[in-house]
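The listed protein sequences derive, respectively, from chains G and C.
Read the first sequence against the numbering used here and you will find it ends at 213, with the numbers running on by one and no gaps.
Read the second sequence against the numbering used here and you will find it ends at 262, with the numbers running on by one and no gaps.
Don't take each hint at face value.
Here are some chain C residues pointing at chain G (derived, C-beta under 8 angstroms) [stated by the list, open to error]: (1) GLY165; (2) ALA166; (3) MET168; (4) THR209; (5) GLN211.
Simulated crosslink set (DMTMM-like; lysine to aspartate or glutamate; CA at most 25 angstroms straight-line) [what the hints assert, rightly or not]: (6) C:LYS157 with G:ASP89; (7) C:LYS174 with G:ASP118; (8) C:LYS255 with G:GLU68; (9) G:LYS10 with C:ASP92; (10) C:LYS249 with G:GLU21.
Computed spacing ranges between beta-carbons, pair by pair [unchecked claim]: (11) C:GLU154 with G:SER59: 56 to 64 angstroms; (12) G:ASN106 with C:SER88: 33 to 41 angstroms; (13) C:THR220 with G:PRO101: 23 to 31 angstroms; (14) G:PRO101 with C:LYS93: 49 to 57 angstroms; (15) G:ARG188 with C:LYS174: 38 to 46 angstroms; (16) C:ASN182 with G:PRO101: 43 to 51 angstroms; (17) G:SER32 with C:LYS93: 51 to 59 angstroms; (18) C:THR77 with G:ASN106: 36 to 44 angstroms; (19) G:HIS186 with C:THR77: 24 to 32 angstroms; (20) C:ASN194 with G:GLY99: 33 to 41 angstroms.
Rather than coming from a laboratory, the hints here were simulated on the basis of the structure.
Built from N, CA and C at the ideal position, the CB exists for glycine as well.
If you want the building blocks of each chain, they are given just below.
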Amino acid sequence: MFTFQHISYKDILYVEDLHIEEKTITALIGESGTGKSTLLKLMNHLLSPTKGEILYQGSPVQDRNAVELRREVAMLSQNPVLFGDTVRDNLEAGMGFAGKPLPSENEMKEALHRYYLDKDLEDHAEKLSGGEQQRLALARITLLDPTVFLLDEPTSALDDELEHDVMEAFISYAGHQEKTVIFVTHSRAIADEFADTILDITPFSMQGGNDNE
Amino acid sequence: MNENIIDLTIWQLAAAYVFILLLLLIVKIRKIPRNKEILVSTLRMTIQLLLVGYILIYLFENPHPGWTILVVLVMVTFAIWNIYRRVSSGLDKKMKQIIAVSMAVGTLSSLIYFNFVVIQFSPWYEPRYFIPIAGMIIGNSMTGVTLGVQTLTEGMKDQRQRVEGALMLGASPKEASRKIVNQAFDNAILPTINSMVGTGIVFLPGMMTGQILAGVNPVTAIEYQIAILLGVAGAVALTVILFVQNGYKVFFNEKSQLNEQI
Chain G
1 MFTFQHISYK DILYVEDLHI EEKTITALIG ESGTGKSTLL KLMNHLLSPT KGEILYQGSP
61 VQDRNAVELR REVAMLSQNP VLFGDTVRDN LEAGMGFAGK PLPSENEMKE ALHRYYLDKD
121 LEDHAEKLSG GEQQRLALAR ITLLDPTVFL LDEPTSALDD ELEHDVMEAF ISYAGHQEKT
181 VIFVTHSRAI ADEFADTILD ITPFSMQGGN DNE
Chain C
1 MNENIIDLTI WQLAAAYVFI LLLLLIVKIR KIPRNKEILV STLRMTIQLL LVGYILIYLF
61 ENPHPGWTIL VVLVMVTFAI WNIYRRVSSG LDKKMKQIIA VSMAVGTLSS LIYFNFVVIQ
121 FSPWYEPRYF IPIAGMIIGN SMTGVTLGVQ TLTEGMKDQR QRVEGALMLG ASPKEASRKI
181 VNQAFDNAIL PTINSMVGTG IVFLPGMMTG QILAGVNPVT AIEYQIAILL GVAGAVALTV
241 ILFVQNGYKV FFNEKSQLNE QI
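Please construct the entire structure, taking both the sequences and the accompanying hints into account.
Below you can see the structure in the form of structure tokens.
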């Protein structure tokens with residue numbers, strides 16, 4: 001689905017050769033500051049490589065309309081971002097961005113429930129804890145139903161047990177829907193349990209690590 | 001005008017400067033380091049107004065379309081330059097262009113409508129009408145656009161993560177920055193709206209006060225004031241919307257990515 005050959009991004013990343021298969025689950029691991037977020041942003045075309053061309057389904061990412069590509073290859077940022085006041089606003093905003101019809105009440109409740117977030121649609125999103133906001137963001141991107149999910153530490157603020165349950169729910173959904181998933185995680189256990197492929201990107205990094213991603 | 005009007009003597013005018021002395025005394029006692037600015041701005045205000053007075057006398061006595069157009073162009077240019085200067089964060093070239101075009105198109109089209117449809121004076125270049133009206137419209141639009149530029153650039157900087165988060169999900173740059181653009185528009189037109197609310201009760205607008213003091217019938221002065229307030233509101237709205245609708249684009253590249261330097 002994604003092919004990287006001799007791709008570099010500034011002095012942060014150099015990927016000599018990387019291939020990510022369609023309909024698989026890939027976990028990106030590596031020390032902080034090695035460019036995991038950067039790698040996801042390159043696939044989402046939020047960043048363009050300094051050198052080389054990334055192929056998505058056989059054609060260069062650069063040749064695609066960036067906005068349309070992102071609707072197909074959606075990305076979740078490391079820190080959950082809120083759009084609007086209520087839980088409902090936040091779920092609807094995602095669909096608005098992607099130009100899709102608004103989800104029904106039931107679809108929204110189901111998406112929240114899937115990630116053990118039993119909040120009212122009218123609850124204020126700002127009052128949710130960091131972990132709850134992460135799950136809200138995960139529910140939002142799930143409703144968008146993209147072909148590829150790029151998730152940057154989607155469950156980092158959850159305790160181990162809840163993290164496991166939420167990931168399990170997400171991976172089960174992704175498996176049924178035959179989605180391609182690439183996620184960044186700091187948890188080796190999560191990577192071991194849920195990923196088909198674990199990719200340590202430390203060798204791609206041109207930095208020692210620990211800079212701001 | 002009215003013969004009863006008191007022409008201020010130089011001594012009467014000088015007596016008014018006592019207010020500035022009072023101000024200087026206050027900042028001196030309170031040790032607020034503003035005395036230099038107060039002196040400079042008082043001096044500038046005096047010299048600028050005196051110069052304008054003489055220029056206006058000349059223009060009123062020798063009305064000519066060329067002069068009127070020149071004065072209006074100088075006003076617009078000065079206003080644009082003033083916006084560049086007042087926005088503290090550096091503006092890039094493209095942003096400057098958008099500011100200039102919005103100011104020129106917004107103020108001049110409002111001015112043409114106002115003069116030819118609302119007031120309808122003749123000849124069309126009559127400086128006694130044209131120049132003060134242009135001043136009101138251009139000055140207020142300048143303040144509006146300055147606020148708009150500030151809100152837009154600060155919003156894009158402070159809410160970068162939010163904008164990026166929206167882009168990641170497939171939002172167009174327009175969608176991703178909609179909230180910031182609306183905020184910029186809102187901030188820019190708020191002073192104009194507030195001035196309409198407070199007008200007549202909290203304060204008498206400068207133009208009307210000036211006219212009444214100069215002996216014009218208050219009802220006529222009020223009619224002009226209403227027209228001017230409406231014209232100003234329209235011009236500010238038009239200028240600011242032109243600016244924000246185009247200004248946000250500067251923060252994105254052709255790949256719908258956020259530019260790095262912001």
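| Cut-off 8 angstroms, beta-carbon criterion: hint that C:MET168 touches chain G | Where the cut-off is 8 angstroms and the nearest Cβ of chain G is about 4 angstroms from C:MET168, the hint holds.
| In this structure, is the beta-carbon distance linking C:ASN182 and G:PRO101 contained in 43 to 51 angstroms? | 23 angstroms, violated
| task | Given the range 33 to 41 angstroms, decide if the beta-carbon distance of C:ASN194 to G:GLY99 lies inside it. | result | 37 angstroms, holds
| message | Verify the CB-CB distance for G:SER32 and C:LYS93 against the hinted window 51 to 59 angstroms. | response | 37 angstroms, violated
| Are C:THR77 and G:ASN106 spaced within 36 to 44 angstroms by their CB atoms? | 60 angstroms, violated
| At the C-beta level, are G:ARG188 and C:LYS174 separated by a distance inside 38 to 46 angstroms? | 41 angstroms, holds
| said: Quick check on C:GLY165 please, does its C-beta sit within 8 angstroms of some C-beta on chain G? | reply: Holds, about 3 angstroms.
| query | With a cut-off of 8 angstroms, does the beta carbon of C:THR209 approach a beta carbon of chain G closely enough for the hint to hold? | reply | It is violated, given that the least Cβ distance between C:THR209 and chain G is near 43 angstroms, above 8 angstroms.
| Taken at face value, is the distance from the CA of G:GLU21 to the CA of C:LYS249 at most 25 angstroms? | Violated, at about 36 angstroms.
| Given C:GLN211 as an interface hint, is the shortest Cβ-Cβ distance to chain G below 8 angstroms? | 47 angstroms, violated
| said: Tell me if the beta carbons of C:GLU154 and G:SER59 are separated by a distance inside 56 to 64 angstroms. | reply: 39 angstroms, violated
| Is 33 to 41 angstroms right for how far apart the beta carbons of G:ASN106 and C:SER88 are? | Check failed, 50 angstroms falls outside 33 to 41 angstroms.
Violated hints for the displayed structure, listed by number in ascending order: 4, 5, 7, 10, 11, 12, 13, 14, 16, 17, 18, 19.
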